[in-house]
Each structure stands twice: as structure tokens, then as C-alpha cells.
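Please assemble the complex out of the two chains, which come individually in their own frames, going by the hints.
From first to last, the protein sequence lines are chains A and B. Using our numbering, the letters of the first sequence correspond one by one to residues 1 to 109. Using our numbering, the letters of the second sequence correspond one by one to residues 1001 to 1263.
None of the hints are false.
Derived lysine-lysine pairs resembling DSS-like cross-links, with alpha carbons at most 25 Å apart: (1) A:Lys30 <-> A:Lys2; (2) A:Lys40 <-> A:Lys68; (3) B:Lys1189 <-> B:Lys1231; (4) B:Lys1189 <-> B:Lys1080; (5) B:Lys1162 <-> A:Lys2; (6) B:Lys1189 <-> A:Lys94.
Here are a few chain B residues that sit away from chain A, every Cβ distance over 10 Å (derived from the structure): (7) Ile1007; (8) Gly1054; (9) Asp1069; (10) Arg1082; (11) Gly1091; (12) Pro1140; (13) Glu1180.
Keep in mind that the hints were calculated from the coordinates and are not lab data. Keep in mind the model is a prediction, meaning the values are calculated, not measured. Beta carbons: idealized from backbone N, C-alpha and C, even for Gly.
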Amino acid sequence: MKCVLRSENEYHVLELSGEIDLHFSPELRKQILGSLNEGKPLLIDMAEVSYIDSSGIASLVEGFQTAKSSDLAYGLLSISSPALQVLTLTRLDKVFSLYDDIEQFQSAI
Amino acid sequence: MESSNAIEIRDLVVDYGTRRILNEISFDIRQGEIMVIMGGSGAGKSTLLRCMLGLKSPTSGHIHMLGTDICHASREELYKLREQMGVAFQGGALFTSMSVAENIQLPLREHTDLDENTIQIMTRIKLDMVNLLPHENLMPSELSGGMTKRAALARAIIMDPKLLFFDEPSAGLDPITSAELDELIISLKESMNMTIVVVTHELESVFAIADRIAILGDGELIQVGTPEEIKASTDERVVNLLNRTPRESVVDGDQHLQRLTAE
Chain A
1 MKCVLRSENE
11 YHVLELSGEI
21 DLHFSPELRK
31 QILGSLNEGK
41 PLLIDMAEVS
51 YIDSSGIASL
61 VEGFQTAKSS
71 DLAYGLLSIS
81 SPALQVLTLT
91 RLDKVFSLYD
101 DIEQFQSAI
Chain B
1001 MESSNAIEIR
1011 DLVVDYGTRR
1021 ILNEISFDIR
1031 QGEIMVIMGG
1041 SGAGKSTLLR
1051 CMLGLKSPTS
1061 GHIHMLGTDI
1071 CHASREELYK
1081 LREQMGVAFQ
1091 GGALFTSMSV
1101 AENIQLPLRE
1111 HTDLDENTIQ
1121 IMTRIKLDMV
1131 NLLPHENLMP
1141 SELSGGMTKR
1151 AALARAIIMD
1161 PKLLFFDEPS
1171 AGLDPITSAE
1181 LDELIISLKE
1191 SMNMTIVVVT
1201 HELESVFAIA
1211 DRIAILGDGE
1221 LIQVGTPEEI
1231 KASTDERVVN
1241 LLNRTPRESV
1251 VDGDQHLQRL
1261 TAE
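Chain B extracted, bound-state conformation (with noise of 0.2 Å):
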């Protein structure tokens, strides 16, 4: 594995049964960079990363992160790793019976010895970062949609993890709050040097923050580059998810009545 790659993806493919979600992906993420993954619903963007994630074991294939195999790797091997990555996932995946301080502090409680009144300062520190000081003692219950992406933005974040992966940043928030979500995702990698895989269709979102982009369609990788390449690119399939053209498919007529009828 390269030093300068946080991450390599080896010709990865996922089987669901008979059905083939991700075939034969490769492509490589670099240390300190912002990489967004984009594509269209059924993408495979959202397998992709629970692969990432070691959440999803590939049908074949490898993915090195930060040095490990994580396809191959060891029970304690995974654990060590998780230590430097952190999750903010789509729906914020909070816990119900704890206030957004206590979900925050957890990753610290469990896997730190920290002394108490550096648990509480970095807790608040991370808050701040992310506008939710005022509401630390808050249920998550209480919180709007935007501000329980934050609390888990704050979670994903108390670690100061070496990879950040968050799933679906701007999905459902005004796009104030979207904005500074995506300002935030490049301070992180600026001032804390953080390798952050964004998962996401925002357009807006993806050209403000990525450094490259990757593009999936149909379970294929389409495209790896920088913004400026993919804006120029000549692949239809990149030109219509650009330019949001819907999908076109060819129908026959007898086919389709076949299906209608079940005959």
C-alpha cells in the first residue's frame, strides 16, 4: 500500500444473491483529502461504504485502510482501527436514552481512560464546533433534523479520528445549515489533517467541498477525479447525473405487457 493513500480499494465486488450491486471497483483515497462518492440511488454508494466500514464483507476483493486489510483482518485488528475512524451517519444513529453530551462523550468512555475534566472540556469543544453548545443537555428527541446531523458530526469527530466517513451530510437540511455543515467538513481536513469520505448526491454540496470525486451508476466506478474533470466530462452518464436528466429506458411493448400481466 502506498504511504500517501489512506485508503485502496482492490477489485471489490458485492453479490447480493444473484443480484451484482459493486463490480470490480479500484480506486484509491489519499491521506488528507476530501473524497465524495457520488451516484445516483442503487449506485452502490451506500454499500460501498458499509463495505468501508467493515459492516459488509465483499464477495471478492480488498480494501486496504490506513495500512490494514480490513477484508482479512483480525477481530483486535479492526478494533485498533475504528479507533481512528469516525462515523457520522445518515440518520444520526444517536442513542434514544442519553443526552446529546452523553452521545458525544461515549466513543471517550469507552475506549479512553481520559481524565473526567478533559472528557467534559473536549466534549464541549466539539460542540461548539459544531453550534450545539446551548443544547448539551438535549434528548435527541428534541432535536431537528439538522442539529441531530450535527450531534453526530460531534460523536463522529471526538476522537479526532484519522478518517472521517459521513454519510449523506446535506440530505434534508436548509442550505444555511448546509453550507456551514460543508465548511466545517473542510476545516476538519485543514486544521486537523483528517482523510474524509463524503458519501452523498448533493451537487452543490459535492463541488464546494470535494477535492476529488468519485462517480458510481449501476454498481460500476464511472469516474475518478477532481471537480474540474468530472465538470468536463464527455461520459453520458456523468453528463446526465450532472445535469439531473432523468433516465431513459427503451420499452417493449410486449415485454412490458408480459410484466403488467404476469403473464
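Only chain A is shown next, with the shape it has when bound in the complex (with noise of 0.2 Å):
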């Protein structure tokens, strides 16, 4: 998995790629809420995720719970077809804000 957190003036993108499982996902969990304890809103880009697992959409729940206590925006970006097939199945593509580009999320902040 690779994870790099971009800072834009008003937020900050969190670009992820590869395998997302149980050995790499405290390290996500560890960038977002590392990402959001600055308050700034959160854009995930998961374009290049190839696999996510349970414990990693964990670490994106955990993520929308703090941003929502802390009132920032969080949203997905360009989420790729294994990973919206996961989240699918979790039924949480309901609950997550999805992007299609990132117009729409500067917008919606």
C-alpha cells in the first residue's frame, strides 16, 4: 500500500493505492486521524486502491466519526471498482461521501 497525504490551502488529500489489509491498515488509520486532528477537511482518493479489506474500511469509519464530531468535511474520491464493490457489500457506500472529481468536493466545503 502507498499513502500520501497531499495539503491543499483549505484541505487535505490522502492518495491512496494497492492493497489495503491488515498489515497496512493502522498506518491508514494512523494518517487520517493524523489528517484531521489538524481540522482541516479530508479527501480520500482511492482511484488506485486494487483491494481494501474490513480492517481497512474500519479505519475510514473511524475517520468519518472523527471528522463528524469535529465538524470537517470527509468525503472518497474517484473510488476504484474492487473497493466501491466492498463497500457495497458493507452497504456503506450509503453513508460515505463519494466524488466523482474534486469540484465537487471543494464545493461541498
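Right, dumping it as C-alpha cells:
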């Protein structure tokens, strides 16, 4: 898994790629919570995610919960097909804010 | 071992004393498919499953699982392999002193150092997938048969295994619960890319979920094929199994009298 945090003026973008499984989800959780701790909205780019297991999904959920309680915008961008299948299976596609492009997220924050 | 295969079984023989339970069984289970192993009672299904789980050593032959020969693997290799396997036993095999949620969390607590929040959310995701979220605090003795099976499935998939083994998922369930479980098994294959091995003799379930079917009879592998190939089979034993035809045994009068009088 690769996990790169990019800082824009008003928000952060976390770019994920590869496989997110039990071994890498603690790092993902750390990055998500660390970014939100800086008090900026977070957009997670999932276009290059080839696999995500439920530990990775749990990290996304915890991030969403944290963002909500801090009143920060939190969204998932360009979700790859394998990741979307898992979100659909867990019915979280109806819970997260999903964006097709970055402009959509910008207008939402 | 071919990379497209998750499991390769070669020349598997299992004897219990002088009785041969499995005789020269060879077939492959491909990555990402649902393979249903079916056969009548005493066909050798459970013994084959026990061999695949590493719970029974065969008399001879090999089983390669995700590249590891489990018949000759070290303790460490088996431990590593088992982290990638989930098993839902027929009777549930839940720990009676633990709640449903505690049972499901157990593999995560034993095998990972995940944060407590992550463990709690993962548990609830899996409980929701099997429709048991409102019952997470119940004890196993408070569950119905269907709930026990669903709890066992949630525990089997909590680590998102590459290989899932499911022993008799539909046995004893009402048709709706059974159909829901079948749908969940198909979703797990499609969304999580799991290779799933189901042992069952529930015909309706077999044809609803199977990519391929392996049919055992009296310890022999009768046929492996797609549901269409199995339905079109002309093998008498396959036809009898699908038509639920009772086995006919030829009775020798003298021998039968001898058996009954123990002379």
C-alpha cells in the first residue's frame, strides 16, 4: 500500500494505492486521524486502491466518525471498482460522501 | 502448483483402520471460485474437509493450499496458512462463555495488534453483514440455529480470509434464511475475492451458489464440473444423487440370514 498526504490550502488529500489489508490499515488509520487532528477537511483518493479489507474499511469509518464529531468535511474520491464492491457489500456506499472529482468536494466544503 | 489454483489435491488416500474412506482423490479448486463438495452420507465429504483444514493427516497423497503442502508443512507454516483461512463449522463451534461479539472478535485478538476501535468497527461490519448486529451481546445459548450459523460465518470471515470453508451452511435452516446465506456467500466471493469451499448435500443451495461441484460417492471422486455439466451427467450415481433415488442393495438371502443370526 502507498499512502501519500497532500496539503491544499483549505483541505488535505490522502492518496491511497495498492492493497489495504490487516498489515497496512493501522498506518492508514494513523494518517487519517493525524490529518483530521490538524482541523482541515479530508478527501481520500481511492482511484488506485486494488483491494481493501474490512480493517481498512474500519479505518475509513473511524475517520468519518472523527470528522463528523469535529464538524469537518470528509469524502472519498474516485473509488476504484474493487473498493466500491466492498463498500456496497457493507452498505457503506450509502454512508460516506462519494465524489467523482475534486471540484465536487471543493464546492461541498 | 499452478498460480490460478488455490487448492490442489493429489492422490489423496485416507484409511481408518482397515476401512478406506477416501480413495485416490485428485482435483483442483481455483482462486476466487465457489466449489461445492457434495455427496451422500458416508461419501467422505467430512473427511475430505478435515484433511483440507489440516485436522486429519491423510494416509498418502498431497494437499497444496495457497502454495503450501499442508501434509508436510511445519507448525509455523500451518499457523501462517491458517491466518488466511476461515472456517464455519456445521454446529457453529462458538465458545459458550463468550457473547456473540466476543466470539467474532477472538481471531482478531489472537492474531493481530489492531486498535480497539478498529476491532469494534470490524466486528459490527461483520455482524451487520450476517444480520446479527442487534444481537451482539447475546450468549450462544440464546441463539437459534440460523443465528448460530450466521455467527459462525461472521467469525470465519472476520479476518477477511483468502479461503473460506463452510460445512453444511443450509442444514436445518428455513428456506428464507438459507437463501439469504447463499446470497451472502456469493457476495463474499464477488466483493472480497474469496475462494470458498462449501460442503453440503442441500441440492437447492448447491445449484444456487456453485461455480463448480465435486461429487463424492463411497470415497471416490465421481465427477467435477460446472452445475450444467453435473446436471447433464449420465453417471448413474450422480443422477441418483440429484434425483434423490434411494440406493438399492442386492440382498443375498443366505448371507442376510447369516448376518442376522450372527452364525
